[in-house]
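Protein chains in written order, with numbering that gives the first Met the number 0: chain A, 0 to 93; chain B, 0 to 479.
Just so you know, the hints here were simulated from the structure itself, not pulled from any lab data.
Just so we're clear, the structure is a prediction, and the values are computed from it rather than from any experiment.
Note that beta-carbon positions come from the ideal geometry of N, C-alpha and C, so glycine has one too.
There's no promise every hint is true.
[Claimed, not checked] Under 10 angstroms between C-beta atoms, here's a sample of chain B residues computed to sit facing chain A:
1. V5
2. Y81
3. E328
4. G332
5. V336
6. S339
[What the hints assert, rightly or not] Chain A side only, calculated, beta carbon under 8 angstroms to chain B, not exhaustive:
7. F27
8. E38
9. P68
10. Y85
[Claimed, not checked] Chain A stretches covered by chain B per the calculated footprint, using a threshold of three residues with CB under 8 angstroms from any CB of chain B:
11. 12-20
12. 70-84
Here are the chains, one letter per residue:
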Amino acid sequence: MDRDTLRRLGMLNQLSLTDVQKEEIIAFFDERESEAKAELDVIDTSDVERMVHVMPVFTVVREDVASQPFTREALQAGAPETDEGYWCVPRVLE
Amino acid sequence: MKYETVIGLEVHVELATNSKIFCSCSAHSYGAQPNEHVCPACCGMPGMLPVVNKRVVDYGIKAGLMLGCDINRTTTFDKKSYYYPDLPAAYQTTQWFAPVAVNGLVEIETSKGKKGIRIKQIHMEEDAGKLVHDIREDTTHVDFNRTSVPLIEIVSQPDLSSAEEVEAYLERLKTLLRYARVAECEMAHGTMRCDVNLSVRPVGSNKLGVRTEMKNMNSIEAIKRAIEYETARHIDAVENGTEVLVQETRRWDDIKGKSYAMRTKETAGDYRYFPDPNVMPVVIDEAWFESMKNSLPEFPEVKRARYMQEYGLSEYDAEQLTKSIALCECFEGASAVCGSPKDATNWILSEIMNLLNLRQMTYDMLTVNGKSLGELILLVSNGKVGRANAKKVLSAMFDNPELSPEKYAEENGLIISNDTGLIDKVVKEIVASDPKSVADYKGGKEKALMALFGRCMKTLKGNCDPQVLRKILIDYIAKV
């Protein structure tokens, strides 16, 4: 954990941290990290495949065939505002 | 101090599939009405689940193999969150943790020689929709036709160091992806777009400078101009302190020739990537992987060498033909039918190239099939259709790839006539109408004969064996 990572995490989580708190947090994670690293370093993971999902599941795929089962009108029926086939949203300033 | 430019590219390529990446809506929105190709899934309506299009994964694997990558045999999709009206679900389904292809290498060639550009990864993802700002002043109009159209993003390492190298790299990507038939890669059509990450550093330094990104560049010329401008701006800032460089996204204004700050650059944390719980991992088993490997085309260099050895083509001709897989297919098909690789080459590199230029078409837009071209070449070499009329047939073949050259020539009176009576009649008329040329020819001016010959051929609309006409003409002049 470095200061920049902590600053960003704080910003993303809307946290206001004092300098003392930041030092404590960094020291806390540094200690845990070195402990964890020491434990992990003794394990040989060279033959272990990366886990991509907690369950042995995989997706099904579909063939590349185009179809159009929905109409624009049906999809836009609940829209607050449409115009000439477009959805309308509050103006986005570029 | 001398500086070097450090450039990494993120290239988005639209895959040439029929349907979108996670739903069955058509992936082709060109010419469509707004929101014509949409459904609850690509509109981000609650509860709709994505179903992966197999061909997208096929093309991701093929692109990875073409660019020398390792393929992740279990590849996963992740959510990238950002809030903007062109993204109805408020997240983009993309790949972050296990992209389909990693660690590739693309070799480019510039005036300075050959160089390898490392590919960090290729990931599959969905495109965003399109916003229209100029219909009304008070709203932004949203079109979701492009939403969920499949893309691959090819991320290079920062191995490029000049506009020339960037151009060579992009051209190489285009060639390889078009060879594999996975994408059109036409920047003018928006099927290839490029983000340029650039920084400068003193020559010899290993430390990267402050990086800026220019997004969605869509022409190679604009990219080259932007790189030159940004390089100069960065060096000026570093050397003379004209401004403080910050990591940010910039917009390139090609008309003004300047870049402008858009926003401070996001980092991965801002997007809150996390595994998409709606799409399970895609497992590429051995059979699938092998079938993709076996479907790869011959690489351009290998094809070029084979053309020289097998067909006896010159290096120049082989180089020209192998610029495009469409030209190669036309050449191989035509050679097989007409039996003359040299004739096939000449027709492609002269007449077909001319027509492509006239119609402002790229090589890969060629629809003339090799078999038909071979049949046309045979009609000419067998003396059934004159060269000038054969060009007319070829032009018609551009409009209708299914057209039979012989049938078209017959239906349009382009077959050479063996009617010597008709030729005699035309020769008599032309000779009688131009006594001066006749006298000039008899006086030793060979050009005068060519003038008479041309007029006869024109009157016969080219439907005449040139050798037969020439003999009849010379014999007749000798008698008058």
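Point to revise | Hints breached by this structure | key: Structure breaks hints 1, 2, 3, 4, 5, 6, 7, 8, 11.
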